[in-house]
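Q: One-letter residues, chain by chain:
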Amino acid sequence: MHPILANQERLGIYLLGWLIFGTMLAAVLALSHDFSWTEALALALPITIVYGAICLSTWYVCRVYPLQKTPFSQVLLVQTLAGIVTIVLWMMIASGWVLILERSFGFTGLRTRVLAKAPLLIGVDFILYGLTVAVHYLIITFELSKEAEQRELQSRIFAQEAELKALRAQINPHFLFNSLNSISALATQDPAAVRAMTLRLADFLRKSLRLGAQESIRLDEEVSMSISFLEIEQIRYGSRLKIVQKIDDVCRNCLVPPLILQPLIENAVHHGIAHMLDGGTITLESEWRGSVLHIKIENPVDPDRPRNRKGGLGLENVSKRLRAIYKDDARLQAEERDNIFHTDLWIPAQTSTEFHRSSPAPTFSKVTEQHG
Amino acid sequence: MGFRIFGESMQTIQAIIVDDEDLARSIIREYLAEHAEIQIVAECSNGFEAVKAATELKPDLVFLDVQMPKLNGFEVLELIERDLVVIFVTAYEQYAVKAFEVHAVDYLLKPFSRERFDEALVRAEEKLARREVLPSAEIIKATRSKGETVERILVRDGSRVFVIPAEKIDYIEAQDDYVAIKSEGTLRLKKQRLADLETLLDAKRFVRIHRSYILNVERLARIELYAKDSRMAILKDGTQLQVSRTGYDKLKALL
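Chains as they are written, first to last, in the numbering used here: chain A, 1 to 372; chain B, 1001 to 1255.
It is worth saying that the hints were derived from the structure and are not from the lab.
Heads up, the beta-carbon is just placed ideally off N, CA and C, and yes, glycines get one too.
Any given hint could be a false lead.
So the derived list for chain B, only partly shown, Cβ under 7 Å to chain A, looks like this [to be verified]:
id, residue
1, 1021
2, 1022
3, 1023
4, 1024
5, 1026
6, 1027
7, 1046
8, 1069
9, 1091
10, 1092
11, 1110
12, 1111
13, 1163
So these bits of chain A aren't anywhere near chain B, every CB distance computed over 12 Å [to be verified]:
id, residue
14, 83
15, 95
16, 213
Input sequences plus hints: build the corresponding full structure.
A: The structure is reproduced here in structure tokens:
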């Protein structure tokens, strides 16, 4: 939409400006003693307003040749040409008006007197045209910067929302409620254990908030976050939950997306250990093979456990995130074999913050089995 | 692994606590210590234990967690088939509606205060004093959400519970008030109507081939004409089941 035509207030100011120009022009003509004040006003006001209306079309030229992206010489050339076309068009309309005034209103000899002033009129029009162009460019720049500001604000809001959503998806609120229930139970039995539990919870929450906001973190940090989570769950599940970690030292500096293991570890607890009468061991392993970092999670599952889609959702989220970050270079596979649930994650091994694409990793495949 | 029994008394309200977490049970135990009228007769850490304790000890009141190993809280209720007062204790809000559908007196969200717990107890005691009896059939029906198909069937034999995954069922036969479920070479009886069970099973796999039979179509070997308008389904293990005319139409539509 035209920024002036679309806005009544702006259109009013714009036309008022041209009305003033018209009056000034009439004054110049009248003061030259070649025209009476009536003649000067009847001539200058309508043709100036019409000129102002024609000049609104400048916006379309300004839009096609934005100041920011067009060389200045080109802007100058194009606008001069457009100015000439505009003035020619205006001259035709103005001469028509002069004829009408001469014939219908009895302003005798107006045509000859106007022709004598033609260089003045054309000169003034050129200047006014230049002014209009400048005003339009100003408006365009102003709107662009406003738009950019809005866009930036919007993208900031989107980013924050996405971050919060990711955090919500990665940290199950029921984990918090259950942990608080454990604290409530321990309060009268074992104050030292209450303190240990709150410290572990605080540690885990702080880590996940701090690291979750980053684009990538070291595997070392990610694993320590998972272990913090599991240590809290150990207070709830007691001896039912055992943890084994085999992280190759060379992998510790590899970069991974933050909280990428969290949903997988949570699945291992809630769809695995939680359904086992005597519990079991969650194994977290990683190794560096060629250009690929391989992370493995294993947990026992009860073959008779009720199946639901929740664990599948967790896996799906991890898949989506991997795909968004690594395209086809990362792969997640989850399957149940002999009552053990195996979750395997292959991602390009990177050690610096600079993103570099490594040689082809195993191709991305759909999750083969939904975690129950 | 058995549950613990804490002795018996007829004057008091007998309660069992069912939760897979030691700490979650301990807080209920602690709150109950103030209530001399309530006696904890058993603590159970999984669904199987809960069914066993509920059928053998016949408690008046049960504190029931929802998510547990083996059986969830609703499945436990379905299997107990007894009228007893239930207080659900869980960290999950989403089961509240279903909990009241199965006539739970209260729904405690973890963590909960002593005051909130006592409130639930008052409700439970009022209900026990009124001696309201609920038809167990209604509870069983309510434990299953409408339109939701089951992936496993639970059968109780005395205080033992058998879990039969749907894919391992060969066929189900109506026997008076019971259904006989044939799975992995054994027949198990469950007190349920065949028509009710039919609505719970996945219609893409289980077909009512006869007034008395629901067949897992994956077990079907062939269909033979037996008499006019009467056919026989021959299963892969050689079992022969009668197929009615409408049953045959349903099978044809599916295969």
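Q: Against the earlier hints, flag every one the structure doesn't satisfy and list their numbers going up.
A: Every hint satisfied by this model.
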